[in-house]
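K.L.:
Starting from the structure of chain V, add chain X where the hints point.
Chains as they are written, first to last, in our numbering: chain V, 1 to 824; chain X, 1 to 208.
No lab work stands behind these hints, which were simulated from the structure alone. Since the model is a prediction, treat every value here as computed from it, not as a measurement. C-beta atoms are modelled at their ideal positions from N, C-alpha and C, and glycine is treated no differently. None of the hints are false.
Counterexamples of contact, computed for chain V against chain X with all Cβ distances above 12 Å:
{"id": "1", "residue": "98"}
{"id": "2", "residue": "137"}
{"id": "3", "residue": "395"}
{"id": "4", "residue": "484"}
{"id": "5", "residue": "500"}
{"id": "6", "residue": "580"}
{"id": "7", "residue": "596"}
{"id": "8", "residue": "598"}
{"id": "9", "residue": "617"}
{"id": "10", "residue": "703"}
{"id": "11", "residue": "781"}
Derived contacts from chain V toward chain X, CB cut-off under 7 Å, selection only:
{"id": "12", "residue": "11"}
{"id": "13", "residue": "12"}
{"id": "14", "residue": "288"}
{"id": "15", "residue": "291"}
{"id": "16", "residue": "295"}
{"id": "17", "residue": "376"}
{"id": "18", "residue": "379"}
{"id": "19", "residue": "380"}
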Amino acid sequence: MSMTATRMLAREWRGGELGVLVAALVLAVAVVSGISAFTTRLQTALEQESHRFLAADRVVRSSRPMPDQWLQEAQGYDLKQATTLTFPSMVFAGDENMRLASVKAVSDLYPLRGSLTYSEEPFGTVMPATQGPKRGEVWLDSRLFPLLEVEVGDYVEVGEGRFVVKQAARTEPDQSAGLFSYGPRVLMHYDDIPLTGVVQPGSRVRYRQLYAGDEEALENFVEWLEPQMEDTQRLIDVNQGQPGIGSALGRAESFLLLAGSLGVVLAGVAIALAARRFSERHNDYVAIMKSLGATSGSVNRLYGSSLLLLGITATIVGCLAGWGMQALFFDMFADQMPVQPGPSGIRPYAIGAATALTCLLSFAWPPLRRLAQASPLRVLRRDMPSESRRTLTDYAIGLFAVTLLMLWYSGDWQLTFAVIAGLAITVVLGMMLAMTLLRGGRLVGMSAGSIWRLALAGLQRRGTANALQVVIFAMAIMLLLVLVLIRTSLIDEWQTQLPPDTPNHFMVNIAPEEVQGVDQMLRGENIPSEPLFPMIRGRIMAVNGVELPRTDEEEEGRRQREVNFTWSDIVPSQNVLTQGEWWAADSEEALVSVEVEFAQRMGMELGDTISFLIGSAPVEAKVSSIRELDWQSFRPNFFLVFPPRFLAPYPATFMTSFHLGAQNKVFLNQFIRTFPTVTVIEMDVVVEQLRSIVTQVSSAIELVLGVIIAAGSLVLVAGVQSSVDSRMQESSILRALGAHRRLILGGLLIEFAALGLFAGLLATIAAEFSVFVLQEYVMEMQYAPSPWIWPLGPLAGMLLIGALGVFSCRSVVSSSPVTLLREL
Amino acid sequence: MAGGDLEILKGISLEIKSGESVAIIGASGSGKSTLLGLLAGLDEASEGRVVIGDTDLSELDEDGRALFRGQQIGFVFQSFQLLPALTALENVMLPLELNGHDDAREQAEYFLDRVELSERSHHYPRQMSGGEQQRVAIARAFAARPAILFADEPTGNLDTRTGSHIIELLFELNREQGATLVLVTHDNNLADLCERRIRLEAGALVAE
Chain V
1 MSMTATRMLA REWRGGELGV LVAALVLAVA VVSGISAFTT RLQTALEQES
51 HRFLAADRVV RSSRPMPDQW LQEAQGYDLK QATTLTFPSM VFAGDENMRL
101 ASVKAVSDLY PLRGSLTYSE EPFGTVMPAT QGPKRGEVWL DSRLFPLLEV
151 EVGDYVEVGE GRFVVKQAAR TEPDQSAGLF SYGPRVLMHY DDIPLTGVVQ
201 PGSRVRYRQL YAGDEEALEN FVEWLEPQME DTQRLIDVNQ GQPGIGSALG
251 RAESFLLLAG SLGVVLAGVA IALAARRFSE RHNDYVAIMK SLGATSGSVN
301 RLYGSSLLLL GITATIVGCL AGWGMQALFF DMFADQMPVQ PGPSGIRPYA
351 IGAATALTCL LSFAWPPLRR LAQASPLRVL RRDMPSESRR TLTDYAIGLF
401 AVTLLMLWYS GDWQLTFAVI AGLAITVVLG MMLAMTLLRG GRLVGMSAGS
451 IWRLALAGLQ RRGTANALQV VIFAMAIMLL LVLVLIRTSL IDEWQTQLPP
501 DTPNHFMVNI APEEVQGVDQ MLRGENIPSE PLFPMIRGRI MAVNGVELPR
551 TDEEEEGRRQ REVNFTWSDI VPSQNVLTQG EWWAADSEEA LVSVEVEFAQ
601 RMGMELGDTI SFLIGSAPVE AKVSSIRELD WQSFRPNFFL VFPPRFLAPY
651 PATFMTSFHL GAQNKVFLNQ FIRTFPTVTV IEMDVVVEQL RSIVTQVSSA
701 IELVLGVIIA AGSLVLVAGV QSSVDSRMQE SSILRALGAH RRLILGGLLI
751 EFAALGLFAG LLATIAAEFS VFVLQEYVME MQYAPSPWIW PLGPLAGMLL
801 IGALGVFSCR SVVSSSPVTL LREL
Chain X
1 MAGGDLEILK GISLEIKSGE SVAIIGASGS GKSTLLGLLA GLDEASEGRV
51 VIGDTDLSEL DEDGRALFRG QQIGFVFQSF QLLPALTALE NVMLPLELNG
101 HDDAREQAEY FLDRVELSER SHHYPRQMSG GEQQRVAIAR AFAARPAILF
151 ADEPTGNLDT RTGSHIIELL FELNREQGAT LVLVTHDNNL ADLCERRIRL
201 EAGALVAE
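Extracted from the complex, chain V is given alone in its bound form:
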């Protein structure tokens, strides 16, 4: 047989038979590959972002010098490397002024990831630095300038070394660790350390070796390194703690994966519908071809290779579209991205191709394969039953394929379950409800006017087909509702998390006698601030009389450690008690309220007795409550809270956080001169960055939503089209019998609108359920019902399906009944 698949496809394409099928395939591939490429690149970017917080890819940390041999060995692996040394030291300016500072000496290449920022004057415009301090110079924290009464170009002394003040040190990528530990920062060159003479054996110092480079080389190097490391040396990689940005982007990623999965389902349904219609129409063609001598093998080969060709074309076009889509996303927020998006690799496009293949094999091939069984006798008798009817097996194969695909794509079985369960609810409820309601419709229809009678008779006549159609419409509407709901709650949550007056500066180390002055000064300048919290430094020693392990290293985990305590007579705002009770305001009892994650980490439970050391005084308190709190709120948060009267005897300093707009930053200079011992920590850059990322990710989400709505519309169009043939036939007979335009269009409108209304109702029920599972178990958000979708879902279904239906059948009233009847 020499008729090639290419020629058949070309002819079909010209005949307009392939439109929806091709569009559905291309969309499936584009959505899957585009979203997957986007999230992969975002993930790489995120990883870089977290590397930035280490200033390297891997860090080895120790309180003692580490062998230089390690650095030399790393060179052999082609890794970039840097060393830093941090220690507290007094800094002198002239004879009068001195200050305890946290000195950080860095080697030439520091930082290996992220960048240092500086400003030419204290609190001035922040600029990224291309390299760290050179030998002989220091960069000072902005607040050291007024404290030491120095300006750029003056000299300061660190130990025995004398250095010129080059500029203000603003931020370091790995600064977040130990914000509260020592005084203000002094940055200097690593090779200048011997000049200072302050680093002696036994000094409180922290050495770090930084490594960065190719991931594989890093792993090989670490494999070599680990056996040589001693107990006091620790290797750190990115998994230790993600920045706050991580969680916002993490949820966005879940959303995108969800959107992509829904895209797959929608496209799968559209493909199934289009393939079904295609095969129904081709039943007659196959019969003709068979009468002309085509065997079932050759029919199978013809349709099989056509499908393959279609798959390949759609994959290529879809991958190109997907590539374009993710490029567009990144283009949209190239300016605000803190890091360059990483490479996506070939995987997203492989997933796209696999989606096309799976969709074709599980949705399109079953009805087409049965075409080969079409009887040639159809050429004589057109009333023979069509062979393309779907069997239960087809549906099972389709469901199984879609589940696997979603699972592979999202890697999240909970997400997959939430969507599939929602779909199952739609199908079961849909079949039941549709059958019942449609049967009810007949009774009403008997006594209604003629348009209504026509429409309701139509609904009831095609009962099963209509029920199936209701289910398909409901599935599409449900998936769209789910996406809209999740998107709305996600964006709402981000907005409430980062209101415009989010605190972006912290003040710590406020002496009790300064509290009133600081408060007045903030009020005087109309600066909104959180209340001042007392802060007492203490050390946790034992739980229930059992001493915790003692160690010098700063690891997370169960050990004796220094913590900041506070006191409060009420539950601090935005804290939620999960266990126990709060104390009375005037309580003098030895009680403590513990943050939930901290309690887990330290192995503390309600009722346990904890032993502390405040200064040199031993103290004991009983755990009376466990609290949950939001660490991303940019408010002062504490692991341990005590009753005010209980902590009153111990010396406390105070802290607060406040919002300061960029135009008011000079206030800080005046403030630090007035309160020289107060430490101000600037977080405004971080908050701004977080805000811009959230804005950009929100627009990416809107865009993806748009793409999925396109996929959903395609399903609706395919669904409407699947019934157009039989409706057209009936309508043209009616027209031939003299029915006027209004009657036919009105009847069609009512019929489709009724289907849309049922579908919208089902969709709303199933969407509410899916959203509940998704929010509670997948996105870790608070589920709240959305009453507004209850009228919206059915209404939108009614209008949308009604309009689409009438639009698709409009030619029935615009062309002559004879032409229509002849065509059918």
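P.N.:
The following block gives chain X in isolation, referenced to the frame of chain V:
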């Protein structure tokens, strides 16, 4: 021939000679189309045999019969049965392509010319009148040079004038090719043009 409880054709014994033209006539529902389906190998008899030349159709499966149809049999149908997505020329080319003819296009063009439609070879069926569509179908039937031509009510969907033109064409081409012609009709005038008439009544042959 019995199909379950319902007997459609019964006790039919019939021989048609090569090159003969035969009309099967009878009222609607008398079993004409069923007989045609069996003779042409479109359908399988539950009992009995159909032998064409040396080939026993009842021993072939559907694929075997399809190959046989492709090589030996041409069809003209009442409802034309053109593929709507193909142009007139492509419709005529279809059986030639299915049977692997290298010169499908030339052959198809020749036969379209014979039915006086070469001007419209790139038109789709829906752009043509019923008579034109049937002429395309005739061109398609003869293009593969079949040994037997089956025609099922070829004028049933056409007006009298167009119908007689179609019949002229059909018989003219049939004479040229020397094919056997089996024609199903309830039109006595049409049947009279054939060398032999076979009448079916309620599934049984009756003498003419």
